[in-house]
Amino acid sequence: MISIDKVSKHYGSFQVLTDCTTQVRKGEVIVVCGPSGSGKSTLIKCVNGLEPFQSGTITVDGISVGDPKTNLSRLRSRVGMVFQHFELFPHMSITDNLTIAQVKVLGRSKEEATDKGLRLLDRVGLKAHAHKFPGQLSGGQQQRVAIARALAMDPICMLFDEPTSALDPEMINEVLDVMVELAQEGMTMMCVTHEMGFARKVASRVIFMDQGRIVEDNATDAFFGAPRSERARQFLAKILSH
Amino acid sequence: MYEFDWSSIPGALPFLWEGMKVSLEITLTAVIFGIAWGTALAMMRLSPLKPLSWFAAGYVNLFRAIPLVMVLLWFFLIVPQLLRSVFALDPNTDVRLTSAMIGFALFESAYYSEIIRAGIQSVPAGQVAAASALGMTYAQSMRLVVLPQAFRNMVPLLLTQAIVLFQDTSLVYVSALADFFGTAYKVGDRDGRLVELLLFAGAVYFVLCLAASQLVRRYQKKLNAHVAH
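Just so you know, the sequences run in chain order A and B.
Using the working numbering, read the first sequence as starting at 1 and increasing by one per residue.
Using the working numbering, read the second sequence as starting at 243 and increasing by one per residue.
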């Protein structure tokens with residue numbers, strides 16, 4: 001589904017990603033973790049071309065992201081993405097947030113889009129809030145709407161960029177519950193997150209990054225049981241000690 | 243001691259109203275075209291295409307570095323001739339109003355474009371990323387996501403600029419165009435009551451602009467309350 005091959009990226013002389021290589025197969029859930037500044041967010045943004053990269057190739061469903069001939073907008077409309085800061089459109093109602101891209105990008109009718117949007121809103125447990133504006137919802141609720149908005153496009157895979165990092169602790173679980181359910185239904189997912197409980201529960205593999213490199217790419221049980229790299233061991237010791 | 247005599251004002255009110263209509267007409271067209279062309283300039287300025295960005299930067303810097311009264315004067319000297327030759331108009335057709343409108347619109351768009359550019363930049367980059375991630379093209383993300391938010395943030399500044407613009411319309415006196423100020427001057431000159439007429443005209447500008455800026459302030463408070471919510 002997603003294939004990342006020897007991807008490198010630099011801002012001027014600063015190397016952000018070095019020779020990153022990995023695959024995400026259909027139906028897999030991959031968790032990407034690592035210390036801040038390790039390049040994990042940058043890597044996931046390269047997957048749908050939000051961040052350009054200088055060398056290497058990324059293909060999604062057989063389409064090369066870095067190829068200048070690729071219609072990136074079209075590709076992105078098939079890849080869902082959820083952001084750390086939700087990024088709902090604050091000047092639109094929840095319903096409009098859910099329907100605008102369906103109508104303007106996919107060309108669906110207003111009725112069809114609304115129907116689909118409200119069904120997904122119900123699924124994330126927020127049907128009663130359809131007429132509100134993003135500013136009237138809590139962070140956790142906004143993030144669930146953002147997930148519903150991405151799902152409304154019928155994506156072939158979903159990218160999550162630290163979806164719970166900006167949330168108050170008591171709101172993290174409501175978002176993770178939605179993500180776990182999605183994973184169990186077989187959605188292909190690539191998630192940048194520090195939620196190790198989530199990783200243990202649903203991840204097929206865990207990728208550990210440090211200083212722009214993929215240091216470890218391991219099956220979930222093996223990663224938590226006996227990480228191969230010293231750096232990952234230290235990282236796990238720090239975040240799991242509490 | 244100067245003795246005030248306000249008696250020529252009541253009779254002159256119909257003329258003054260005609261003049262006020264001219265002032266408002268110039269203001270309104272300059273605001274509408276200024277915002278439209280200013281938006282285009284702001285988007286060019288922010289465009290990754292260097293020539294567009296340079297053109298917009300040059301335009302804005304040029305108009306912001308020249309006094310408005312000179313721009314207006316050039317327009318009165320050049321544009322009427324141009325319009326007459328292009329449209330083969332009768333030499334007696336009065337195109338002063340049109341050239342004043344064009345002059346103001348082109349001049350004000352430089353200021354509007356800077357306000358709009360700041361407004362566009364005030365929208366977080368994550369919003370563009372989210373719009374792109376949903377498959378929107380650059381144009382769609384601008385039109386549907388960025389500009390609506392930018393304009394909502396900018397409304398108070400745009401209105402304040404319109405108030406300044408309304409005051410600046412008095413500069414059309416250089417072309418002897420009968421706007422509100424010009425009419426007041428002419429009437430005062432005719433009746434030998436220049437001091438009274440100009441005081442009256444000043445009072446009218448003051449009341450109108452003060453009232454308008456109070457309205458803007460109230461709107462801004464409402465907007466801030468809405469955002470805080």
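Hints were generated in silico from the structure; no laboratory data involved.
Cβ atoms here follow ideal geometry from the backbone N, Cα and C, with glycine treated the same way.
It is possible that some hints are incorrect.
[Said to hold, decoys possible] Non-contacting residues of chain B with respect to chain A, defined by C-beta distances greater than 10 angstroms in every case (computed):
(1) 256
(2) 288
(3) 293
(4) 313
(5) 315
(6) 324
(7) 326
(8) 348
(9) 377
(10) 386
(11) 387
(12) 394
(13) 457
[To be verified] Pairs of lysine-lysine residues, derived as DSS-like cross-links and limited to a Cα-Cα distance of at most 27 angstroms, are as follows:
(14) 132(A) x 463(B)
(15) 132(A) x 292(B)
(16) 69(A) x 292(B)
So, going through the hints one by one against the coordinates:
| no. | hint | in the structure |
| --- | --- | --- |
| 1 | 256 | holds (45 angstroms) |
| 2 | 288 | holds (18 angstroms) |
| 3 | 293 | holds (20 angstroms) |
| 4 | 313 | holds (36 angstroms) |
| 5 | 315 | holds (42 angstroms) |
| 6 | 324 | holds (42 angstroms) |
| 7 | 326 | holds (46 angstroms) |
| 8 | 348 | holds (30 angstroms) |
| 9 | 377 | violated (3 angstroms) |
| 10 | 386 | violated (6 angstroms) |
| 11 | 387 | violated (6 angstroms) |
| 12 | 394 | violated (6 angstroms) |
| 13 | 457 | holds (22 angstroms) |
| 14 | 132(A) x 463(B) | holds (22 angstroms) |
| 15 | 132(A) x 292(B) | violated (41 angstroms) |
| 16 | 69(A) x 292(B) | holds (22 angstroms) |
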